[in-house]
Amino acid sequence: MIDVTKFVDTLYDRPIAVLGLGVSNVAAVKALVKAGADVVVWDDKEENREKSQAPVRDLVKEDLSNYACLVLAPGISHDHPVVVKARDAEIEILCDIEILDRCDHGRKTIGITGTNGKSTTTALIGHILNENGIKAAIGGNIGKPVLGLTLPPKSGVIVMEMSSFQLELCPVFSPDIGILLNLTPDHLDRHKTMENYAAAKTRIFRGSGKAIIGLDDDGSKKIFKIVESEAVRECFPISTTGKLKQGVYAGEGVLYDALEGEPVKISDLTIPALPGVHNHQNIAAAYTAARLTGLAPDAIMQAMQSFPGLQHRQFLTRTINGVAYVNDSKATNAAATARALASYQNIYWIAGGRPKEGGLEGLEPYTEHIHHAFLIGEAMDDFGQWLEKHNVPYRFCETLDKAVMAAHHLAQGERGQPGGTGMVLLSPACASFDQFKNFEARGDMFTKFVMMLEEGT
15 MIDVTKFVDT LYDRPIAVLG LGVSNVAAVK ALVKAGADVV VWDDKEENRE
65 KSQAPVRDLV KEDLSNYACL VLAPGISHDH PVVVKARDAE IEILCDIEIL
115 DRCDHGRKTI GITGTNGKST TTALIGHILN ENGIKAAIGG NIGKPVLGLT
165 LPPKSGVIVM EMSSFQLELC PVFSPDIGIL LNLTPDHLDR HKTMENYAAA
215 KTRIFRGSGK AIIGLDDDGS KKIFKIVESE AVRECFPIST TGKLKQGVYA
265 GEGVLYDALE GEPVKISDLT IPALPGVHNH QNIAAAYTAA RLTGLAPDAI
315 MQAMQSFPGL QHRQFLTRTI NGVAYVNDSK ATNAAATARA LASYQNIYWI
365 AGGRPKEGGL EGLEPYTEHI HHAFLIGEAM DDFGQWLEKH NVPYRFCETL
415 DKAVMAAHHL AQGERGQPGG TGMVLLSPAC ASFDQFKNFE ARGDMFTKFV
465 MMLEEGT
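The numbering of the sequence shown is the working numbering, which starts it at 15 and goes up by one.
In short, the hints are calculated from the structure, not lab data. All figures in this text were calculated on a predicted structure; none of them were measured in a lab. It is possible that some hints are incorrect.
As the list claims (entries may be wrong) - Calculated lysine-lysine pairs in the DSS-like style (CA-CA distance at most 27 Å, straight line):
#1 K239 with K122
#2 K20 with K168
#3 K158 with K59
#4 K48 with K65
#5 K149 with K99
#6 K44 with K168
#7 K149 with K48
#8 K99 with K206
#9 K370 with K65
#10 K20 with K122
#11 K259 with K236
#12 K257 with K236
#13 K48 with K168
#14 K168 with K206
#15 K451 with K158
#16 K122 with K44
As the list claims (entries may be wrong) - Ranges between beta-carbon positions, derived for each pair:
#17 A103 with K206: 47 to 55 Å
#18 V37 with N335: 24 to 32 Å
#19 S169 with G275: 24 to 32 Å
#20 R28 with D203: 33 to 41 Å
#21 D312 with T413: 45 to 53 Å
#22 N335 with E392: 26 to 34 Å
#23 V268 with S222: 26 to 34 Å
#24 K239 with V291: 21 to 29 Å
#25 R116 with K257: 39 to 47 Å
#26 Q319 with V291: 13 to 21 Å
#27 D312 with K48: 18 to 26 Å
Cβ atoms here follow ideal geometry from the backbone N, Cα and C, with glycine treated the same way.
Turn these sequences into a full structure, and let the hints guide you.
Written out as structure tokens, the structure reads:
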């Protein structure tokens, strides 16, 4: 746990309001209470309030002008009555990452954001650093919340995945090395417009430091031009779609380094836990960040070879009679699913859940990769219409267990037919909240069902 005494000391004994008792704020409450802060909490769910380690009061009824700040769970809408009251009271609204920054911990920080690939890149950077003797604490929107981490030594690094929701709640903090991987439509139910979403992501580049920015989509290109023109941060572009005069890029399965002059071939991109062209962007970003911390190219690439990968992100769960069963539950939007569909052929695709704006838009180039689709959740009807329009066979399965069984029987029954042995892919292109607590629960259930399958069927 992080010692937040230095932050608490700046509040001059004023109380702290905490709204939402999810994972990050539970850790924040523990740290704040341990540091001697006067903490008052509220959560709209009674079961969460009952688990609180601090006094519970309905903050809607409180005079928030008496409070030092509101620590807000990132997933809570900014239209929540308590948030509105906090704004009216003109108190700071922040999250755990901002608290960490104000503790004057003295460690270098690397922050990673983007629509897709954040978790993989965060974990990969942490792995590379740790394998090379640079102690890295990894957290934020992945794994442990930041205030639940153990600080690395002064020579170490804190590596954080940062969502747009978290970035909105960091009034001051920006990492020493900020990374924006990509920017495609997501969370528009919260941000309303792409402009608002982009503005939230761009907050990672406030203040001095270094910026690593992907150039493979129009939104990120625009942000790169803005950050570069401001000349506050040193900019390092990365790309997987074209050669760069300066930066790091991937082409035809090879990584090139043009950070210090003419492009130099570094390595081919055959890394066991990072299959697919989409991972080339994650590799380029992690490589660049590691280079900026002083590591040599060979040491970086050697460390990547031992990267174990992440659950729920194109993770090979099992192979039965040559048919691969792949868990890509983290693919909660069409752009993420496009990366999976582009990587494989003859796919028995399990998709659906709570749909996001745009539906399956952008998946048209990959319909020939889909052998058959198995639809679940609230998106079934809309996805069925889209698949029918694009001449992709599908069936309604409603629930994940039925989809896994149907995909399994069809894939096993069609082994050896033209097109080669297929793969069963869970890549929902949807949020999970219609049937599951989160994408992890959905992926865990997929794994459970797959492990129950019999090899002879």
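How the hints compare with the structure:
no. : hint                       : result
1   : K239 with K122             : holds, 25 Å
2   : K20 with K168              : holds, 17 Å
3   : K158 with K59              : holds, 22 Å
4   : K48 with K65               : holds, 17 Å
5   : K149 with K99              : violated, 41 Å
6   : K44 with K168              : holds, 24 Å
7   : K149 with K48              : holds, 25 Å
8   : K99 with K206              : holds, 21 Å
9   : K370 with K65              : violated, 32 Å
10  : K20 with K122              : holds, 18 Å
11  : K259 with K236             : holds, 18 Å
12  : K257 with K236             : holds, 18 Å
13  : K48 with K168              : holds, 23 Å
14  : K168 with K206             : violated, 41 Å
15  : K451 with K158             : holds, 18 Å
16  : K122 with K44              : holds, 24 Å
17  : A103 with K206: 47 to 55 Å : violated, 24 Å
18  : V37 with N335: 24 to 32 Å  : violated, 39 Å
19  : S169 with G275: 24 to 32 Å : holds, 29 Å
20  : R28 with D203: 33 to 41 Å  : holds, 34 Å
21  : D312 with T413: 45 to 53 Å : holds, 48 Å
22  : N335 with E392: 26 to 34 Å : holds, 33 Å
23  : V268 with S222: 26 to 34 Å : holds, 33 Å
24  : K239 with V291: 21 to 29 Å : holds, 25 Å
25  : R116 with K257: 39 to 47 Å : holds, 42 Å
26  : Q319 with V291: 13 to 21 Å : holds, 18 Å
27  : D312 with K48: 18 to 26 Å  : violated, 43 Å
The structure fails hints 5, 9, 14, 17, 18 and 27 (numbered hints given earlier, in ascending order).
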